[in-house]
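If you read the protein sequences in the order shown, they are chains A and B. Numbering-wise, the first sequence is residues 1 to 150 according to the working numbering. Numbering-wise, the second sequence is residues 1 to 368 according to the working numbering.
FYI, nobody ran anything at the bench for these hints, they're computed from the structure. Small disclaimer: the values here were computed from a predicted structure and weren't measured. Any given hint might turn out to be false.
[Stated by the list, open to error] Cross-link-like lysine-lysine pairs, in silico, DSBU-like; alpha carbons within 35 Å at most:
hint : chain 1 : residue 1 : chain 2 : residue 2
1    : B       : 347       : A       : 138
2    : A       : 133       : B       : 65
3    : A       : 91        : B       : 65
4    : B       : 347       : B       : 331
5    : B       : 297       : B       : 110
6    : B       : 110       : A       : 90
What follows is the residue order along each chain.
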Amino acid sequence: MDGAADVTAERREWLGLMAQALPGRVVALSEGLTAEFAWLRRPEIGTVMVRGRTAGTGAPFNLGEITVTRASVQLEVGPVGHGYVQGREKKAAERAALVDALMQTEQAGAVRAQVIAPLAVEAAEAARSRAAKAAATKVEFFTLVRGEDQ
Amino acid sequence: MYVAVKGGERAIDAAHAWLAEERRGDTAVAELSVPQIREQLALAVNRVMAEGSLYDPDLAALAIKQSRGDLIEAVFLMRAYRTTLPRFGASEPVDTGAMACDRRISATFKDLPGGQVLGPTFDYTHRLLDFALMAEGEAPITAEGVPAGGPVPHVTAFLNREGLIEEAMESDVVPPDLTREPMELPASRALRLQALTRGDEGFVLGLAYSTQRGYGRTHAFVGELRIGAVEVEMEIPELGFAIPIGTVRLTECETVNQFKGSRTEPPQFTRGYGLVFGQSERKAISMSLIDRALRWKELGEDDAGVPAQDEEFVLMHADNVQATGFLEHIKLPHYVDFQSELELIRKLRREAMGDSSQDAHPTQEAAE
C-alpha cells in the first residue's frame, strides 16, 4: 500500500512541477529526450474552472477559468504518460506527457536529473525569492513611551 | 416594413484599417510588445483576467494591446476567446490558507501570527508623479528578509476559537455556474460570489462605497487582506488522483462585520468575502462588502431598501460586457424604429396643436 502511495505522490510531484513551470522551460530542459510513442491524445488547449471556497473554508464557488494544455502518449515499451501544463503551449504538453511516460521506465533516473530536478530547483528559488522580498516588508511595531507614563 | 440596407462594407473596411493605424500610433515611437504589457502593466492585465474570467496573462496582455487600452473591450475579447475552448473540468477548491503571501495585512489585529506584510503596495506612497519613470533607468534592488516559513493562518480562525464569529462550514456541494446556465434569482451565495468576482470593478466599487456612506451600512472591518500565489489542483480521471495543474495569484479579503444579532442568530461578528484573480485589492474589498450586504435575508436583517441589498439590481448590472452590449447597441442603425417614432410625434403634434400647424413643414423628411 505504502509503495503505491509513494509512487502516486512522486508522480504527482513531477507532473505538478511540469504543469507549473515557466513557459518554455519544459521544452528547453527535455531537449534530446526521444522515444517511440503513439498518441493517445494529441495536444489540445482548453480551460479548467478554478473554484474557491466561500469565506476561505466554506462551500465552493466558481472563481473563473485558467487555460490548460494537455496531451497523452503511450511508449512503444508500454507506459502511458499524461501531460498537463498551464497556459497554451502544445509542445510543452507533449514533452510533459513524454517525460511522464519515461519516468515510468528504467530511464527515470536520467530523466529526473535532466528535467525534474532542475524544475524543482527553479520553482524553489522563485518561491524563496518572493518570500524573502515579502519578509523585508513585514512591519515591526514598536511602542513609543510617552512622557507622562514615566 | 423592414428595409435591408447594404453599402457599408467598404466604409467598414476602411474604418478597420484606420483603427489599426491609430492603434499603432506614431511609428517613430517603438511598438509595444505583448510581454511588455504583461510585465509592466500587470494590474491592467490582472483586471482584464478577473473581469474576463480567464486567467492567462499573455492573452490578457494581447487583448489590452488589441483594444488600445480599452479594458472593457479587452474583457470582451477574453470572454469571446474563452467560448472557443473546451473545458476539461473544474479544479479542487483552492486553499487560500496555504497561499504564498506577497502581502497580508489585518486592520483588526496588530500582532498576529505571520505578521503584517505590506508587499508591493501603493499605500504610503505620496501620489506624486515620478518623473524618473520618464527617463530610462534600472529598477532598484529589492531588499530581502528572512521568511518565517510555514503557512500563514487566516485571521478569522482566531475569532472562531472564541466562537465570536460565524463559521463557514466546509461542504462539497457542486456550485452553480453562470457561464453554463442563465442566472436565476434568488441566487445562492456561491452564484453571487461568481457574479461579483467577474463583475465590473467600478460598479462593484461604487456599490460598496454606497454601503459605507449609509445605504445599507454593515460596519465592515478588513479582518484580513492577502495577495499571493495558490496552487490549482484538479482530479485527473485518467490518473485517478489530483495533480497541481497551475498557479494563480489571487487577492482575498475577509471583512469582519458588527452584528447585533437577529431573531435567528446570536450577537456575533459576521463575514463578507472577496476573492479575485490577480492583485486587485480595491475589487476584493468591494466584493466582500457587497457579499455581506446581500446576506441580509439569510441573517434576518431588515430590508433597508438600498441598492446594495437588492440582489437583482446588483447581479443583473455588474457585468460590464453585458452592460456594454446593451448600452452601445443603441448607436447601431435604428432607422425604421425611429421612422415610426417620427410618424407618431407628427401625429400627436397635429392632434395637440390643431389643423393650423399641420402644413407648417409640409414636405420635410428626416434623412432616415
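Hint by hint, here is what the structure shows:
This hinted pair does not check out: residue 347 of chain B and residue 138 of chain A have alpha carbons roughly 74 Å apart, beyond 35 Å. For the hint pairing residue 133 of chain A with residue 65 of chain B, the CA-to-CA distance comes to about 30 Å; that is within 35 Å, so the pair holds. A threshold of 35 Å between alpha carbons decides the hint, and for residue 91 of chain A with residue 65 of chain B the separation of about 26 Å falls inside it, so the pair holds. As the CA atoms of residue 347 of chain B and residue 331 of chain B are separated by approximately 26 Å, the hinted pair is consistent with the 35 Å bound.
With a C-alpha separation of about 33 Å, the suggested pair residue 297 of chain B and residue 110 of chain B falls inside the 35 Å cut-off, and the hint holds. Restraint check for residue 110 of chain B and residue 90 of chain A: not satisfied, since their Cα atoms lie roughly 48 Å apart, outside the 35 Å limit.
The structure is inconsistent with the numbered hints 1 and 6, although it conforms to all the rest.
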